[in-house]
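2 protein chains.
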Amino acid sequence: MSASREFFAALPVAEALAGFRPQRRTGVESVLRDDALGRVPTSAVTSGQPLPGFARSTVDGYAVRAADTYGAGDGLPAYLDVLGRVRMGSMPELSVRPGAALQIPTGAAIPDGADAVVMVEYTQVTMAGAVEVTRPVAIGDGIVRADEDVAAGGALAPAGRPLRPQDLGLLAAAGVTELKVRARPRVAIVSTGDEVVPSDTQRLAAGQVRDATASALSALVTRAGGVPDYRGIVPDDQEALTTTLTEAVAEADLVVVSAGSSVGARDETTAAVEALGDASVFCHGLAIKPGKPTLLAEVAGVPVLGLPGNPLSALVVFRMVGLPVLRLVGGIEVPPPEPTVPATLSRPLASAAGRLDVVQVTLRDGQATPIFGHSALLSLLTTADGYVVVPEPATGLDAGAVVTVTLYA
Amino acid sequence: MSASREFFAALPVAEALAGFRPQRRTGVESVLRDDALGRVPTSAVTSGQPLPGFARSTVDGYAVRAADTYGAGDGLPAYLDVLGRVRMGSMPELSVRPGAALQIPTGAAIPDGADAVVMVEYTQVTMAGAVEVTRPVAIGDGIVRADEDVAAGGALAPAGRPLRPQDLGLLAAAGVTELKVRARPRVAIVSTGDEVVPSDTQRLAAGQVRDATASALSALVTRAGGVPDYRGIVPDDQEALTTTLTEAVAEADLVVVSAGSSVGARDETTAAVEALGDASVFCHGLAIKPGKPTLLAEVAGVPVLGLPGNPLSALVVFRMVGLPVLRLVGGIEVPPPEPTVPATLSRPLASAAGRLDVVQVTLRDGQATPIFGHSALLSLLTTADGYVVVPEPATGLDAGAVVTVTLYA
Chain A
1 MSASREFFAA
11 LPVAEALAGF
21 RPQRRTGVES
31 VLRDDALGRV
41 PTSAVTSGQP
51 LPGFARSTVD
61 GYAVRAADTY
71 GAGDGLPAYL
81 DVLGRVRMGS
91 MPELSVRPGA
101 ALQIPTGAAI
111 PDGADAVVMV
121 EYTQVTMAGA
131 VEVTRPVAIG
141 DGIVRADEDV
151 AAGGALAPAG
161 RPLRPQDLGL
171 LAAAGVTELK
181 VRARPRVAIV
191 STGDEVVPSD
201 TQRLAAGQVR
211 DATASALSAL
221 VTRAGGVPDY
231 RGIVPDDQEA
241 LTTTLTEAVA
251 EADLVVVSAG
261 SSVGARDETT
271 AAVEALGDAS
281 VFCHGLAIKP
291 GKPTLLAEVA
301 GVPVLGLPGN
311 PLSALVVFRM
321 VGLPVLRLVG
331 GIEVPPPEPT
341 VPATLSRPLA
351 SAAGRLDVVQ
361 VTLRDGQATP
371 IFGHSALLSL
381 LTTADGYVVV
391 PEPATGLDAG
401 AVVTVTLYA
Chain B
1 MSASREFFAA
11 LPVAEALAGF
21 RPQRRTGVES
31 VLRDDALGRV
41 PTSAVTSGQP
51 LPGFARSTVD
61 GYAVRAADTY
71 GAGDGLPAYL
81 DVLGRVRMGS
91 MPELSVRPGA
101 ALQIPTGAAI
111 PDGADAVVMV
121 EYTQVTMAGA
131 VEVTRPVAIG
141 DGIVRADEDV
151 AAGGALAPAG
161 RPLRPQDLGL
171 LAAAGVTELK
181 VRARPRVAIV
191 STGDEVVPSD
201 TQRLAAGQVR
211 DATASALSAL
221 VTRAGGVPDY
231 RGIVPDDQEA
241 LTTTLTEAVA
251 EADLVVVSAG
261 SSVGARDETT
271 AAVEALGDAS
281 VFCHGLAIKP
291 GKPTLLAEVA
301 GVPVLGLPGN
311 PLSALVVFRM
321 VGLPVLRLVG
331 GIEVPPPEPT
341 VPATLSRPLA
351 SAAGRLDVVQ
361 VTLRDGQATP
371 IFGHSALLSL
381 LTTADGYVVV
391 PEPATGLDAG
401 AVVTVTLYA
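Chains as they are written, first to last, in the UniProt record's numbering: chain A, 1 to 409; chain B, 1 to 409.
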C-alpha cells in the first residue's frame, strides 16, 4: 500500500477490492451448534465417526441374502422363511441365514447375514412364517452402508463458508454440539455532519436531517453476520472526529464513517484519519457512481471506510465495498450467494467509461426500469427492487440490453 | 377443503400451495425500528411529514436567483454580490436578493429568495464579496425540493413485505422509532421415531440415529423470520404423539412433525392428527420427489405439516411447502427473493410426468451436476450448492438443458 495511492483521483472498484486487504481478522470463539447458523468455521469440521454408523434399510421390506433371490420372478418366486421383524432403533437380535428373511422397516439396522433388502412391493405373504420374493435383488440393494453418508474423519462443513441450515443438520447427525468459529466482526458506525441529528428527533429545525444512514448500515452489518456498534453523531470538527475514531479503531474490527455531505466535511474525515497513529490511506476516491467520495484507509491494521454523505450513496458503497471488507475481516471465504435475475433494460443507460455505475431499478415482467433521481433521495433505494451494475469499460447500455439485476432481500 | 382430498394419492405441489390456506395468522406487536429488520409491517407505514422537509442544495456552490444567471457564459459572466455563507444544519438567516448570492455547501437549506444553486465549478471569485457565474442555471437546478424524497403522508414501507436495510433507513429519516408488525410465527418442531435420539447423544447404540432434522428445520425457520420451538422426540406411539400435538397446536402458529421413516410411523402421524379435535387432513401424499409421504392438515386453524422421515426429504419438503405456509401465517405477501443462477445440466435427468423432482446439484463454471445418491443421505444436501426443479409436466431434462439453480445461502 503506497502513499501515492491517495493521489489517485478515482480508483476502479475491482482494483480497490483486490488491493485493499487490511490484516485485521476477528478472533476465534466456541459456539453451540444450534446458535451457529451463518457463523464461519475456522477450520473444516470433521466427523469423529462414520454416518449413519450402521448399515440401514432404505425401504420397507425384507432383509435377505441376495443370492437367495437370484432368478426369482412372478412365475417363479423365491420362498423364504420369515424369522421375525427388525425393530427400529436397536440392533437386530436375529441374523439372516440362507433361505431366510427378516421383515424390516425403512431406516432400521440391517441384521447380520443379510446383504440386501427386498421392497415389500416385490413380495407376497401367502402363508404365515414365509414370504414369496418375485424379483431378484443384488448385494447392497435397499441398503445404505454404515459410512455412506459420512466416512469417519470425513468433512461435515468446510472452513470459511457460513453455516447453512443443512450444515447444522449434518453436524447434529454427527453429534457435534459445539464448534470453533470466527467471532462476529464488530463494526463501529460513526455519523458525522452538523446537519445530522439523532433519528429519534421528533421535530426537526430547518436544515436538519435525521441520521438515516446509521440505521440502514446497522441492518446491513447484522445481515452480513457482523455486530453494529453505533458511535453516534460527531459534529464536523476534526478534533472530535479524531477522538471518536481513536476509540473506534481500538475496539472495532471495521470502522465506517458516513461523512458530512459537503466537500469540507469529506476533507475533514480524511484529515482526521491521517492524524491517527499508524494510519495509511489507500484511496480517497472510487470510480463508482454514486459513491465517488469514498475513503479507504487502514489504521493499525483495522480497515476504516469513509462513506459519502448522502444515505443512498453511502449504502451503495457499503454494499459494493464495505461488505467484502467485512467478510474478509470475519473470515468468510465463500460469500453467500446473492439473489439475481436476468432482465431487459426498459431504456438506455448512459455511463462514463472507466466508472462503475450502480443504477437502482424496479423489476416487472422481466423488464428492469431504471429509477432516475438525485442520489440525495433515499426513497430511490426503497422504491427499487434491485440494482444493475454498468461495468467500468461500458459507455452505457442500450434499451433492450439483457442485464443482471441484483435483488434486494 | 374437502375430506375427499385425503384420498388423493399424491397432490401436485402447486395445487397444494394454492389450496392449503389455513386461517391462522400471527398477532400484531410493536417493535422498535432498529429491531425491525426482516419484520413484516401489518399496514403501510407512512410519513407524518415531507422529507427532507426543506429544500436542500445537492451541490457545493452558490444559491442564486436563476434569472440573474440568464445569458451568463465564459465570455460574459454574471457578477453577483456574495452576502455570506449558508451553514449546515440551520436555517439561513440571510436571504438572496436580486443580483446577490449566498455560498452554500451540499445538503444545506436553500435560503429565502434563491431558486437555484450554481455549482462551484462554474464560478470564479475574482474579488472579495463577489462571484462570477459562467454558466446559466434554470429554476430548481442544484436543489431537491422539501417533499421530493417523501411527500407528507407518503409511503415509507408497504404492508406485507419484510423490512430491508434501506427501509429502516427511510423510517429513520422520517423519525419513525416504533412500528406495528406481525409477531414472528412460532413453529413447533416435533421429531418422532423410535430410532431417533437427541443430537447431543455422544455414543449411539446400533440402530440409533441422532435428530438431525430438528436442527436444520430450526435454522430454516429462524432464517424465514419464525421462532423455532423444539418439542423433542416422541416415540412411535400414537397416544404420545397425540398428547404432544395437542399441546403444540395450542401454543404454536405452525406445527411441523418429522415422521418416523417407516410406513407404520407415517400412518401413526396421520392417525394422531386425525384424532385431534377440529382436525382436517388436506392431503397425505404430495407429487414431489423426494418427499411424497407429506401430510398437510389443519387443526383448529393451525397448519400441521407432517414431513417424511429422512432428513433430506424433510428439508426439501419444508423448503418447498413449509416456508410458503410459514410466510402465509406470518403475513408475508412479498417473499424475499431467492438466489438463483442459470446453468446447463451436465447430464440428463429422468423424472416421472406429473411429479415435481427436486434434484441436488453442484455448480461449477456455469454447469450444474446432479448429485445422485439415496435420499437417506443428508450429505447430499451439504455437498450441494443448490437444487434444480424438474417441473411436473416434464418427463426429464436432457444433458445441456438450461436450468435454474436455486442456490443455498
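Errors might be hidden in some of the hints.
[To be verified] Only pairs whose alpha carbons sit at most 20 Å apart, straight line, appear in this in silico SDA-like list of lysine to any residue:
no.	chain 1	residue 1	chain 2	residue 2
1	B	Lys292	A	Lys292
2	B	Lys292	A	Met119
3	A	Lys180	B	Glu121
4	A	Lys292	B	Leu179
5	A	Lys292	B	Val120
6	B	Lys292	A	Glu121
7	B	Lys180	B	Asp200
8	B	Lys180	A	Gln202
9	B	Lys292	A	Lys180
10	B	Lys289	A	Thr58
11	B	Lys292	B	Asp267
Note that these hints are calculated values from the structure, not bench results.
Contradicted hints - numbers only
Structure breaks hints 1, 3, 4, 7, 9.
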